[in-house]
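**Q** As you go down the protein sequences, you meet chains A and B in turn. Be aware that the first sequence starts at 3, since it is given in our numbering, and climbs by one per residue. Be aware that the second sequence starts at 6, since it is given in our numbering, and climbs by one per residue.
Fair warning: there could be bad hints in the mix.
For lysine to aspartate or glutamate, the following EDC-like pairs were computed, each having C-alpha atoms within a straight-line distance of at most 20 Å [what the hints assert, rightly or not]: (1) K55(B) - E44(B); (2) K226(A) - E250(B); (3) K163(B) - E254(B); (4) K160(B) - D100(B); (5) K226(A) - D300(A); (6) K226(A) - D100(B).
Just a sample of chain B residues kept apart from chain A, beta carbon distances all over 10 Å, derived [unchecked claim]: (7) A27; (8) L28; (9) W38; (10) R48; (11) L68; (12) A92; (13) T114; (14) A119; (15) A122; (16) W174; (17) V180; (18) P183; (19) G216; (20) I219; (21) L256.
Some chain B residues close to chain A (C-beta under 10 Å, calculated; not the full set) [what the hints assert, rightly or not]: (22) P126; (23) F130; (24) G131; (25) G234.
What the hints contain is simulated information worked out from the structure, not anything from laboratory work. On a predicted model such as this, the values are computed, not experimentally measured, just so you know. Cβ atoms here follow ideal geometry from the backbone N, Cα and C, with glycine treated the same way.
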Amino acid sequence: MSLLEALPRPQVSWRQWQPNSVLIFLACAMLAAIWLFDVVSVAPNRIVSGEGAGLIDAVGWLGALLVTSVIVTLVALALQPSRHGYQVALVGVLLLLLLMPFGLMVASNRLISGDTPGARLNMGMAYWCLLSFLLLCWVELRLRLVLLRRWTILLVLAVGLVWSLCATLGLEALALGQEFRARDAQFWRALREHITLVVVSVAISIGLGLSLTLLMRRYSKLQKSAFAILNFLQTIPSIALFGLMLGPLAWLAAQWPLLSQLGVSGIGWAPALIALVAYSLLPMVRNTYIALEQVSPDTLEAARGMGMRNSQRFWQVRLPLALPVLLEGVRITTVQAIGLTAVAALIGAGGLGSFIFQGLGQAAMDMVLLGALPILMLALMADAGLGALADVLRPRSDTARPGEIE
Amino acid sequence: MSHRVSSFSLSSPNVPAAVWPALWCLLLVACIWGFPYAEGVLRMLEPDAKEVVYHRASLASLLGHHLLVVSVAALITIVGGMLAAIAVTRERGRDFLPLVAQVASLGQTFPPVAVLALAVPALGFGTLPIIVALVLYGTLPIVRNTLGGLQEVDKEVKSSAIAMGMTPWQVLRQVELPLAAPVILAGVRTSITINISTAAIGATVGARNLGDPIIAGIVNGNMAYIVQGALTIALLALTVDSLFERLQELLRSRLSTA
């Protein structure tokens, strides 16, 4: 016990009152956002920027009252926080999340008349603010209530299901949906290309990373220079590395016709794959190295005492014990690769990044969103999925996550 | 997208560490100055192209723009990120700590390109969306590392500082921040290295910087343009990164002797 704790503390009665200032702050921010900014905007076509509509124009007095009263309830619950109150607040947040797509439907009915078939409904500043503040509320409540992972997944799935149902059934006017319907085949192909590039590059870097680590463990002289080179590669900006790949590969393809028959050229998947693997190697090798090194020597000694051979000790003791940290490396690598593959669209590798850059080129912001939002969701899903897998494989007693803080 | 600092560096013990920043910087200056005169070499890359030297803007002005954008963003991120992290580790802001920590680690999963792309619809084309995107993205590593650094400071050390009669402000300035400095500096290094790279992608949304020659080269299929942009930008990144490495070494040696 420290000296400070032993000192008597002044007890003032209003000090005892501890509202949840986070929730109050977030709720007030939501109220300000929905009343001050445009909730939606309506544009006559794809390129023209739309005309904004406030909360009352978009969903009417009744809708505005409903949303506002739910948010005010959140504030009231946060003033006297209790576990029960947090549960009610969670229901309120979920209710708002579920109401949001219906709000869009109401807005499209009210604002878009039948004689302008090409009109597009865009989500406005207030809509995005509301969504992000609600997600922050969700994170806060999840931390307060210590929700189990399976509940989180279930609730996220439920909200996602309602949103996608609304998007397919009643939101023909939504700009993002129109953009998607106009090029859905292209979208699925881009998504497939994106995922394929990420999976293949991560798989290659797992294989290469593991063998490089094993080599480094055998020849310790290699370790320093290998890490130096990998660090060096990581420092080079992605766009520069992708650019520099063009020349050598174009030359190689010109020298060996066999390679160009395989589809290798300066532009396309080959330079992208090489650059992705080059970037992925550092986090992969570093985590694999740390993972294999941190297995306790006592455990290995015990395995030797039990009469295990060297290879048995590696495959049956060292590798399984190292697996959670190794997976941490796979998680970092995968999330990084998802983002970098978006840049690879610049050198013609396809993927969702192509929507971003095409959209930027045509000043069509809905198309940019069509590329950026799925990339964001892919990254979040990969992060959550691989994180959960690592948690499952982690031995119970060992809860420390090496490499958590840089 | 984490770029962690490791103890492995290019420098070997018999080469003084200060050599690397100087070397990269020298190469960078040589590139900027030398490319307009190196038509012969560039011509070898693209024998058939009409032009091989990037003439639309001088590399020096592009470099200046690039550095300006990155430093403005860095200034905002360092001040904002550190203030936020300090605020939530004080007694009054402690309520916000779990949320900020969670958001800072979750935000690391957002790809920079996606953040940049999402900033454009909200802010339009040009330099402003780039700065906003860089600030949004660059704040997270700094918040995360400042939080980590401040939380790692031993409770006993803080208690003894208070017991010595230090005010909270003095504890923060003379005890907590110096002890957390290496971790914070690592976060700043990550943030700026990523931002140099992301700013280059900003050339696709109409900002004038070192990404320009690369994009122009990719669009026109001109390898010589790409080489000029890519080499300059890679050297810039290496210069800045090695400078930070040197700074970290200095800080480490000061902390260990103090």
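**Q** Compare the structure with each hint and give your call.
**A** Outcome of the hint check:
The suggested pairing of K55(B) with E44(B) holds, with an alpha-carbon distance near 12 Å, which does not exceed 20 Å. At roughly 16 Å between alpha-carbon atoms, K226(A) and E250(B) fall within 20 Å of each other, so this suggested pair holds. A C-alpha spacing of about 25 Å is found between K163(B) and E254(B), which places the hinted pair above 20 Å, so the restraint is violated. For the suggested pair K160(B) and D100(B), the alpha carbons sit about 19 Å apart, so the restraint of at most 20 Å is met.
Our distance criterion of 20 Å between C-alpha atoms is broken by K226(A) and D300(A), whose separation comes to about 27 Å. The suggested pairing of K226(A) with D100(B) is violated, with an alpha-carbon distance near 44 Å, which exceeds 20 Å. For A27(B), the shortest C-beta to C-beta distance to chain A comes to about 16 Å, beyond the 10 Å cut-off, and the non-interface label holds. Listed as outside the interface, L28(B) is consistent with that label: its C-beta sits roughly 13 Å from the nearest C-beta of chain A, beyond the 10 Å cut-off.
Annotated as non-interface, W38(B) keeps its C-beta farther than 10 Å from every C-beta of chain A; the closest such distance is 19 Å. Residue-level check passed: R48(B) sits 14 Å from the nearest beta carbon of chain A, beyond 10 Å. Listed as outside the interface, L68(B) is consistent with that label: its C-beta sits roughly 13 Å from the nearest C-beta of chain A, beyond the 10 Å cut-off. Remark: the non-interface label on A92(B) is consistent with the geometry, its nearest Cβ contact in chain A lying 12 Å away (cut-off 10 Å).
At the 10 Å boundary, the C-beta of T114(B) falls inside the reach of chain A, the nearest C-beta of that chain being 4 Å off. The claim that A119(B) lies off the interface is violated: its Cβ sits roughly 4 Å from the closest Cβ of chain A, which falls inside the 10 Å cut-off. At roughly 4 Å from the closest C-beta of chain A, the C-beta of A122(B) falls inside 10 Å, breaking its exclusion from the interface. The claim that W174(B) is not at the interface with chain A holds, since no C-beta of that chain comes within 10 Å of its own (minimum 17 Å).
The claim that V180(B) lies off the interface holds: its Cβ sits roughly 15 Å from the closest Cβ of chain A, which is beyond the 10 Å cut-off. Every C-beta of chain A lies more than 10 Å from that of P183(B), the closest at about 18 Å, which supports listing it as non-interface. Listed as a non-interface residue, G216(B) fails to keep its Cβ farther than 10 Å from every Cβ of chain A; the least gap is roughly 6 Å. For I219(B), the condition that its CB be more than 10 Å from all CB atoms of chain A is violated, with the nearest at approximately 5 Å.
Distance to chain A confirms L256(B) as a non-interface residue, since its nearest Cβ pair spans about 15 Å, more than 10 Å. Evaluation of the P126(B) hint against chain A yields a held restraint, the C-beta minimum of about 4 Å falling below 10 Å. With 10 Å as the threshold, the beta carbon of F130(B) comes within range of chain A, its nearest partner Cβ sitting at about 8 Å, so the hint holds. Restraint check, G131(B) versus chain A: the minimum CB separation of about 12 Å is more than 10 Å; hint violated.
With a least beta-carbon distance of about 7 Å to chain A, the hint placing G234(B) at the interface is held under the 10 Å criterion.
The structure fails hints 3, 5, 6, 13, 14, 15, 19, 20, 24 (numbered hints given earlier, in ascending order).
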